[in-house]
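Residue numbers (the numbering used here), protein chains in the order written: chain A, 1 to 335; chain B, 1 to 335.
Keep in mind that the hints were calculated from the coordinates and are not lab data. Computed from a predicted structure; not experimentally measured. A portion of the hints provided could be inaccurate.
For identical chains, the list gives no copy identity; a pair is met inside one copy or between any two copies.
[Unchecked claim] Think about it this way: if two alpha-carbon atoms lie no more than 30 angstroms apart in a straight line, the pair counts; the simulated DSS-like pairs of lysine-lysine are:
hint: 1; residue 1: LYS271; residue 2: LYS250
hint: 2; residue 1: LYS312; residue 2: LYS250
hint: 3; residue 1: LYS250; residue 2: LYS183
hint: 4; residue 1: LYS23; residue 2: LYS7
hint: 5; residue 1: LYS23; residue 2: LYS250
hint: 6; residue 1: LYS288; residue 2: LYS226
hint: 7; residue 1: LYS211; residue 2: LYS183
hint: 8; residue 1: LYS271; residue 2: LYS312
hint: 9; residue 1: LYS226; residue 2: LYS183
hint: 10; residue 1: LYS312; residue 2: LYS226
hint: 11; residue 1: LYS250; residue 2: LYS7
Here are the chains, one letter per residue:
Protein chains: 2
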Amino acid sequence: MKLATIKDGSRDGQLAVVSRDLKTAQLADGIAPTLQRALDDWAFIAPQLDLLYRELNQGRGRRGFDFEPANCMAPLPRAYQRADGAAYLNHVELLLRAGGAELAPALREEPLMLQGGADLLGPRDDIALPHEEWGIDFGAGIAVICDDIGMGATPDQAHQQIRLLMLVNDVALRNLLPAELAKGYGPLQSRPAGACSPVALTPDELGDAWKGGKLHLPLRSSWNGKLVGQPQAGVDMAFNFPQLLAHLAKSRQVRAGAVVGGGTVSNGGGKRGYSCIAEQRSLELHAKGRASTPYLAFGDSIRIEMLDEDGKSLFGAIEQSVTRAVAPADTRRGR
Amino acid sequence: MKLATIKDGSRDGQLAVVSRDLKTAQLADGIAPTLQRALDDWAFIAPQLDLLYRELNQGRGRRGFDFEPANCMAPLPRAYQRADGAAYLNHVELLLRAGGAELAPALREEPLMLQGGADLLGPRDDIALPHEEWGIDFGAGIAVICDDIGMGATPDQAHQQIRLLMLVNDVALRNLLPAELAKGYGPLQSRPAGACSPVALTPDELGDAWKGGKLHLPLRSSWNGKLVGQPQAGVDMAFNFPQLLAHLAKSRQVRAGAVVGGGTVSNGGGKRGYSCIAEQRSLELHAKGRASTPYLAFGDSIRIEMLDEDGKSLFGAIEQSVTRAVAPADTRRGR
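Just chain A, with the same shape it has in the complex:
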C-alpha cells in the first residue's frame, strides 16, 4: 500500500491512497483524515486503506485524481518523534576522516543515533535557507515509520512494529556543524528541515528487496540533473532498522508515528558515488589534499529516488531546489 499527504492549506494535509504506479490517488477522508490518525489506530484503519488501495490499482477508485508529487506534503508533515541512526559506517568514517578523526570502536558495537527534529518538508518544497556560506549539503537516506514500541523491546519485537518506509533528504549545514559538535550536545542548527518522498509505503510493496530489516536497492541521487550517487542501501548498513528502533526504545516508549532514519546511505564512495557532498569532499581531501566539490548553491537542485528491479519509481522522487530564505519582517503587533 502506498500513502501520501495532500496539501490542503492546513498544517496536516489530507491522507490519500496512491496507486502502485503512482499515477492516481484518492483521498482517504472517509477512513482517516491524516496519516497520523491512521497510525494511531493502524490495526483498525490499515485494512480499510488497503481495500481502497486495491480498488485504485484495479482502476475502480470512484474519486481518483491524477497523483501530483508537487501537491504533496511529507507523508507525516508533523511527526511526534524523529531519530536518526548513522547506520552506514562508511559514511561516518569518511566524515570523521575529513576532520582528522577515526571511528571509535564503540560505534561498531552500538548505533550512533541522534535525536532529530521532526521538521519534515514535502518532496518538492524548496530547501530555503538564508546563507550559502553555511555549507548546505543534501543527505539521501531511508526512514521507517513505526507503530508503538514498548520500552526495552528487542529488535525482533521492534521489527513487527515497522509500518511504512519512505525516502528522506536530511539536509545538513556542514559549516555550522563543527562548532555545534564542539559544544557537546549534538547537531541542532546544523540540521534544518529535511524532506520526504511523495509516498510512504508498506514493507510488502518491496517484495524481496525488504529483507533482514534492510532495503536492498540502490538509492539514486542527482545533482542539477547529473547522477552523483547510487549506493546499494542493503549493503554496508551496520545496524538494520529493527536494531535502530530497539536502540531508541531502550529507555522510552516509542509511540505510533515515530520516524526513524538509517542515515546517509553510503558504500564508501568510489564508483557507487555519494549520497551527500561531504563524503565526496572527504575523499578529495584525502586523495588530493583539498576538497574541490563545493556545497550546494542557490539555484541548485537535488533529486533523490529509488527504482525497483523493473526501473519503476517506488516512492516517487524528492526533487528540491535550493533557494535564499528571507528573515521575517518585524511584524510587531499591539497584542
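Add chain B to chain A, keeping to what the hints say.
Chain B alone, transformed into the frame defined by chain A:
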C-alpha cells in the same frame, strides 16, 4: 489563563480550562478538542478560551468539575518539537566540573541547546525505568510553548510568540550520559521521557514575575518530601526564553506548539539547594573528594512546584514516583 489536558484514554486527551486557584476545571470541547488544536489557531481560539476562563473564575462555569492533577496528561502530551537550552550556566559549569572540564567561552556567547524528544508525561505519571543503575536524576525547569516563529526571527520577534509556560521535570540517566556524549551526537537514551506540570499558563498570569523573558520566582524541588532546592529562576539565567527561541529558529521555521525549555534551574548550589542531583554530587566531589548523595532509587518521589508571592501554587505540582519498568513481553503475532 490556565490550561490542562485531561486523560480520556486517547493519545491526546481533552483540553480543559482550569480556574486560577486550580480548584475547578471545565472541558473546552466546544472550542478546541486539544491544546495543539488551540495553538494551531491561537488568535481565533484563545479569546474563546479566555471567556470560559473568566466564567470559571467567577464561579459561573456551567460544566465545571473538581480539578485533579492525577487525571492530567502533559498539557501537550505529544508535542511536535522539543528543544532544551541549558541557560543556567552555573548548572552547566557544575556538571562539567564533575567531569574535570571547564565551561568553554563560546557557551557564554551563544546558548547550549539540544534537540530533545517530545516524550512528555503527565504530572503524576511514574518515572518508570528498568534499571536504577542508569543513575536516574530529576531536573526541575521551566519551558515555554510558542506559536509559529519564522526562520531568522530576532529575540524580540520570538518574544511575541510565547503563548504558554509550564514546569518540567527533565529526567536524565547520568550513568548513560558520558558514553553517549563521547559518541558526539548528544544525549538520546540518557534523556528518557520527562514530565510537565498539570497546567500551562499564559504569561499574563505571572504579573511582574514574568519580566525580560524570564520567570522571576523560586522553583521548589522536594525529594521524598524534603525540600532540596528553591533556586530563583529569574537570576543566573544567561539567556532568556526569547533568545533561546531565536537560537532554535536560526535555520528553521519553528511551528506552533513547539516546547522550548530553559534547562535545569540553578543558582550554583549553596543555600538555594539544587534542581538536580548531579549538581549536588559535583559540589560534594569538589569539597570532599567523593559524591555521597545517591541518584534516585525505586520508590523515591520527586515534587516540583512554583508558588506565587502569596504562597499559592501557580502551575500545580509535578509529583512523580520512580518505579521499575518491565520490558514488553514477546507479543509476536502472525503478520
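*Please flag the earlier hints that this structure goes against, numbers listed from lowest up.*
1, 2, 5 and 9
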